[in-house]
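Engineer: With these hints in hand, go ahead and build the complete structure from the sequences.
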Amino acid sequence: MKELPEIFKILYDASLEFVVIGGAAMHLQGSAYVTKDIDFCYSRTPENIKRLATSLAPYHPRLRGAPAELPFTFDSRAIAQGLNFTLATDLGDLDFLGEVTGLGSYKEVKAAADTQIIDGIPVLVLSLSGLIKTKKAAGRARDLYVLPELEGLELLKRKTGVE
Amino acid sequence: MTPEQRKLAYELITDPPPGSKLAEAKKWGVDLTLLYENLQRTPTERARCFASMVHSYNGLRDAAKKSTLSQ
Chain V
1 MKELPEIFKI LYDASLEFVV IGGAAMHLQG SAYVTKDIDF CYSRTPENIK
51 RLATSLAPYH PRLRGAPAEL PFTFDSRAIA QGLNFTLATD LGDLDFLGEV
101 TGLGSYKEVK AAADTQIIDG IPVLVLSLSG LIKTKKAAGR ARDLYVLPEL
151 EGLELLKRKT GVE
Chain Y
1 MTPEQRKLAY ELITDPPPGS KLAEAKKWGV DLTLLYENLQ RTPTERARCF
51 ASMVHSYNGL RDAAKKSTLS Q
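So the protein lines, in turn, are chains V and Y. Those letters in the first sequence? Residues 1 to 163, per the numbering used here, in order. Those letters in the second sequence? Residues 1 to 71, per the numbering used here, in order.
Hints were generated in silico from the structure; no laboratory data involved. Incorrect hints may appear among the rest.
Computed cross-link-like contacts, DSSO-like style, restricted to lysine-lysine with a CA-CA straight-line distance of at most 30 Å [unchecked claim]: (1) LYS36/V to LYS26/Y; (2) LYS136/V to LYS21/Y; (3) LYS157/V to LYS21/Y; (4) LYS159/V to LYS7/Y; (5) LYS110/V to LYS21/Y; (6) LYS107/V to LYS50/V; (7) LYS65/Y to LYS2/V.
DEER-style ranges, computed between Cβ atoms [what the hints assert, rightly or not]: (8) ALA63/Y to ILE121/V: 29 to 39 Å; (9) THR33/Y to LEU70/V: 42 to 52 Å; (10) VAL34/V to GLU4/Y: 24 to 34 Å.
Being a predicted model, the structure only gives us computed values, none of them experimental. For each residue, glycine too, the CB sits at the ideal point set by N, CA and C.
Structural biologist: The structure is reproduced here in structure tokens:
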């Protein structure tokens with residue numbers, strides 16, 4: 001797996017509109033949670049869909065868990081026809097979601113995000129309050145399990161003023 | 001993190017205010033020292049640390065798989 005800053009740079013250089021969500025966002029916000037994939041919410045405009053397809057093409061995106069013989073090309077058409085994609089790529093396991101439970105589409109997710117400067121690049125990362133909202137809305141055992149940590153972390157950051 | 005922020009964060013994780021979300025997290029079993037450590041890192045350092053944690057996680061998972069298969 002490529003390191004997060006390198007992945008962010010590839011997407012940033014492609015002018016992709018994205019927000020880091022899920023476990024990676026939790027970690028970037030200070031959580032000790034470990035996940036094996038990186039989740040993004042992406043804008044569904046035709047231009048951004050094209051950017052997403054173009055930026056990932058060199059890294060051989062394929063559907064994670066699907067049979068190898070299943071014909072699939074992660075191009076603009078496939079992205080436009082789908083919504084959420086769980087991909088295995090040469091960069092690592094990357095998930096791109098068009099909508100996020102509890103928040104909505106890219107516009108709403110972006111409004112709930114903080115900008116973090118990572119290796120000199122501005123990266124939108126879902127805020128702790130946004131993460132808490134999505135976890136509560138998803139309501140699965142694995143989501144509810146991390147709520148006490150996220151809520152404790154939110155208090156810790158608020159009291160100390162740490163970013 | 002400034003020295004003042006570090007001192008306050010340490011006080012909060014070692015003695016969370018009763019009834020607070022931090023106290024609840026501690027009761028739930030969250031290791032607050034890990035949050036304290038992670039908050040001392042810059043966003044770039046946290047991002048760099050993420051990949052090494054994923055590698056460790058994958059290594060453990062693969063080892064567990066091999067162990068299960070060999071039994």
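Engineer: The structure should be examined with respect to each hint, and the outcome stated for every one.
Structural biologist: Structure-based check of all given hints:
{"no.": "1", "hint": "LYS36/V to LYS26/Y", "verdict": "25 Å, holds"}
{"no.": "2", "hint": "LYS136/V to LYS21/Y", "verdict": "15 Å, holds"}
{"no.": "3", "hint": "LYS157/V to LYS21/Y", "verdict": "12 Å, holds"}
{"no.": "4", "hint": "LYS159/V to LYS7/Y", "verdict": "12 Å, holds"}
{"no.": "5", "hint": "LYS110/V to LYS21/Y", "verdict": "26 Å, holds"}
{"no.": "6", "hint": "LYS107/V to LYS50/V", "verdict": "18 Å, holds"}
{"no.": "7", "hint": "LYS65/Y to LYS2/V", "verdict": "23 Å, holds"}
{"no.": "8", "hint": "ALA63/Y to ILE121/V: 29 to 39 Å", "verdict": "34 Å, holds"}
{"no.": "9", "hint": "THR33/Y to LEU70/V: 42 to 52 Å", "verdict": "45 Å, holds"}
{"no.": "10", "hint": "VAL34/V to GLU4/Y: 24 to 34 Å", "verdict": "30 Å, holds"}
Hint violations for this structure: none, all hints satisfied.
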